[in-house]
Amino acid sequence: MTERFSLYELTTLRMKRMGLFFAALVVFFTALAGSAPAQAQSPSTGVAIHTEDKTVSQPTLIGTVKNDGKGVAGVKLHVTGPGVDEIVTTDENGKWQLVVTNKAKYEVEIDIKSLPKGVTLRDPETTTRIADVSVTDKAAVLFPLGKSTRVVQSFWDQLLIRLFAGLNLGLLLAVAAIGISLIFGTTGLNNFAHGEMVTFGALMGWLLAVVFQLPLVVAGLLTIIASAAFGYAQDAVVWKPLRKRRVGLNQMMIVSIGFAILLRYLLLMFFGGETKVLSGEYEAVKFGPINTTVTSIWSMVLAVITLAGVALFLTRTRIGKATRAVSDNSALAAASGIDVEQIIRIVWVVAGALTGLSGLFYGLQFQATFQTGSQILLLLFAAVTLGGLGTALGATVGAMIIGFVVELSALVLPVDLKYAAALVILILVLLVRPQGVLGKKQRIG
Amino acid sequence: MDWIQTFNLTVGVILDPLTAAYILCAIGLSVHFGFTGLLNFGQAAFAAVGAYGMAIGYLTLKLPLLVAMGFALLCVVVFALILGVPTLRLRADYLAIVTIAASEVFRYLMATSAFKDVTGGSNGLSQFGYDFFDWNPIPVGKYEFGPFSWTEDQFWLRIFSFGLVAIATLLVWLMMRSPWGRVLKGIREDEDAVRSLGKNVFSYKLQSLIIGGLFAGMGGIVFVLSMSNVQPQTWVTNFTFMVWTVLLLGGAASMLGPIAGGMVFFALWVFVNEILAGMSNMGWLPFLDPAQVGQVRFILIGLALMLLVVFRPQGMFGNKKELRFNG
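Top to bottom, those sequences are chains A and B.
Per my numbering: the first sequence = residues 18 to 462.
Per my numbering: the second sequence = residues 38 to 364.
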């Protein structure tokens with residue numbers, strides 16, 4: 018609390034609120050540090066990603082088949098693709114590698130019969146994976162092994178597991194979706210480059226926590242600050258000049274698509290195409306049938322606190338009220354003395370920080386690549402549209418719905434269709450209630 | 038650096054069937070966006086429906102290839118109806134999000150292992166194009182025209198694909214100078230004004246979506262005939278964005294825009310790649326690994342798309358007055 022007050026007194030009214038926001042995050046991350054060790058180690062089961070052999074410039078497919086931390090030798094993998102139809106076998110460390118000539122996508126199928134006895138894929142339905150070396154020169158393929166956990170669960174256990182996973186995904190999406198919603202509300206822009214802000218958060222977190230070996234609290238805080246600065250810079254360099262030129266909103270939407278491609282491949286150039294593992298040791302936690310990790314629990318708790326903080330910010334503070342006023346009617350807000358450009362700047366900073374934080378959560382719980390953000394971008398749009406474009410609380414509700422739909426759909430649909438289920442829900446909702454769950458009717462136009 | 042090879046590759050791509058495929062998709066998009074003002078970001082799905090429609094019609098339904106192509110176009114019409122009926126009443130930005138979502142849903146459905154028997158799952162489908170080359174009327178041999186050098190099959194594929202481009206361009210020209218086309222342009226300029234004249238705006242938009250989709254479906258057919266396989270990963274959102282870049286480069290509401298845009302786009306695409314790869318191999322670009330050259334091209338596409346929309350929204354051929362983004 019002392020941190021909070023020193024910041025509170027030192028800054029101007031505007032900065033007070035921002036400071037409060039960051040100070041609250043300091044508290045969150047201090048809590049996080051107490052629980053999760055920050056050292057980067059490969060997960061105890063599954064496949065670790067190896068980033069050495071930097072000299073290879075020919076497209077190379079790599080992977081390690083590990084079980085309980087030890088490499089599994091003699092596992093056969095069938096690689097097919099343009100001009101390639103080969104079977105590779107893992108060495109005594111469980112590693113395999115295949116140099117290919119074409120920059121293309123390859124299919125890697127694991128031969129279940131070649132696995133040692135008592136070991137199966139953790140997800141027995143997925144025996145094939147895609148390795149994409151069409152833009153990067155190296156692709157890693159993951160086949161998590163372990164005892165098959167799927168067979169023994171009853172329907173109710175599965176339901177509980179999926180509900181928990183849905184809650185987790187929903188909270189994660191909500192933190193990022195609020196950013197889209199705030200930006201849309203105040204500027205009218207559908208920002209397709211928002212996914213890259215998620216990627217930025219995840220990759221910055223990886224850079225600071227894994228490469229620079231900073232403690233997770235420090236890395237997390239620096240990531241949030243960098244993400245906030247990234248949001249500010251995007252507005253200052255791209256969007257503010259375009260607003261000044263009075264470029265139309267749909268034009269700006271297409272600009273944001275170009276910007277997304279630009280950022281995605283810049284991030285690829287800086288960070289490389291390998292899958293990044295952010296999290297250290299996964300400390301397992303078990304509630305009944307639900308297997309989770311300490312990291313997941315903390316990120317969920319922090320997401321809830323963040324969401325509550327944003328809700329309080331929007332409803333209780335002057336800046337928050339001004340933000341909502343600009344969302345409602347920016348001309349009227351300007352006429353009543355609100356500095357609209359200032360509010361938009363603050364919104365970009367807050368949205369950048371929130372989205373970066375969400376990317377960090379995502380990277381800690383799953384893994385991160387340069388495409389992480391663009392892969393969840395449509396889920397974020399689905400969340401925002403479901404909730405009603407431009408309403409921040411609606412975005413939270415929409416994100417929770419999308420999170421649950423994605424995870425619960427796996428109970429009845431094949432796992433590789435779970436994202437499709439969320440997008441179908443989006444289309445169906447637009448059919449019956451185009452203004453979204455919490456949106457106002459006049460917004461459909 | 039091999040300048041002759043660079044030149045030949047750059048010129049060669051201008052008449053590549055894949056260029057024709059993108060041009061066909063861009064012609065379709067010019068009907069949607071350039072003339073009707075529909076922000077369709079699901080053009081990849083229309084092309085994919087055409088491609089998969091033909092492959093599945095031939096392989097699973099055992100139709101003759103020509104009938105399978107007809108079946109593919111029928112599938113495109115059905116897809117346009119399914120997509121258009123719920124969404125065309127929505128505001129432009131909602132339409133953009135929904136079309137992009139629908140195109141991803143279609144891709145997931147093609148890639149899932151659940152329908153692997155029909156769609157080939159993530160492997161896709163192949164071995165459906167042999168009949169197409171049996172139709173080839175051109176005698177066996179090597180055909181050279183200046184920098185171009187083709188086998189009889191390559192020559193046939195180019196005649197077919199650019200023939201479709203010519204037919205599509207002619208059709209669009211005829212349609213847009215008809216009263217029907219003027220209604221579409223009216224919808225682009227002011228939907229409510231057209232409505233007040235008693236026209237059924239929704240029906241016109243749906244017709245525009247179907248017709249533009251049919252051109253994209255043909256593009257998909259040309260694409261997979263040229264690749265001799267169809268894979269779900271082809272039809273990612275980046276495909277749509279490249280079609281948009283092609284269209285906006287050429288000019289969204291012009292007849293020759295998609296053709297010029299496609300040719301210039303792919304000539305630059307190859308040229309930049311060759312130049313960067315050559316400079317990188319000679320060590321002139323110490324910060325750039327040869328493997329990263331492909332990434333730089335995407336950065337340039339992103340930048341080109343941004344700059345085009347802001348500074349020259351009418352593209353190379355368009356008329357600025359003819360371009361409305363409705364927003």
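Treat the hints loosely; a few may be bogus.
Here are the computed lysine-lysine pairs in the DSS-like style, where the Cα-Cα straight-line distance is at most 27 Å [unchecked claim]:
| no. | chain 1 | residue 1 | chain 2 | residue 2 |
| --- | --- | --- | --- | --- |
| 1 | B | Lys153 | A | Lys435 |
| 2 | B | Lys358 | A | Lys122 |
| 3 | A | Lys257 | B | Lys357 |
| 4 | A | Lys122 | A | Lys93 |
| 5 | A | Lys130 | B | Lys179 |
| 6 | A | Lys261 | B | Lys153 |
| 7 | A | Lys93 | B | Lys153 |
Because the hints were derived from the structure by calculation, they are not lab data.
The structure displayed is predicted, hence computed values, not measured ones.
For each hint, the structure was consulted:
no., hint, verdict
1, B/Lys153 / A/Lys435, "holds (17 Å)"
2, B/Lys358 / A/Lys122, "violated (43 Å)"
3, A/Lys257 / B/Lys357, "holds (23 Å)"
4, A/Lys122 / A/Lys93, "holds (19 Å)"
5, A/Lys130 / B/Lys179, "violated (49 Å)"
6, A/Lys261 / B/Lys153, "violated (51 Å)"
7, A/Lys93 / B/Lys153, "holds (23 Å)"
In summary, the structure is inconsistent with hints 2, 5 and 6 from the numbered list given earlier, while agreeing with the others.
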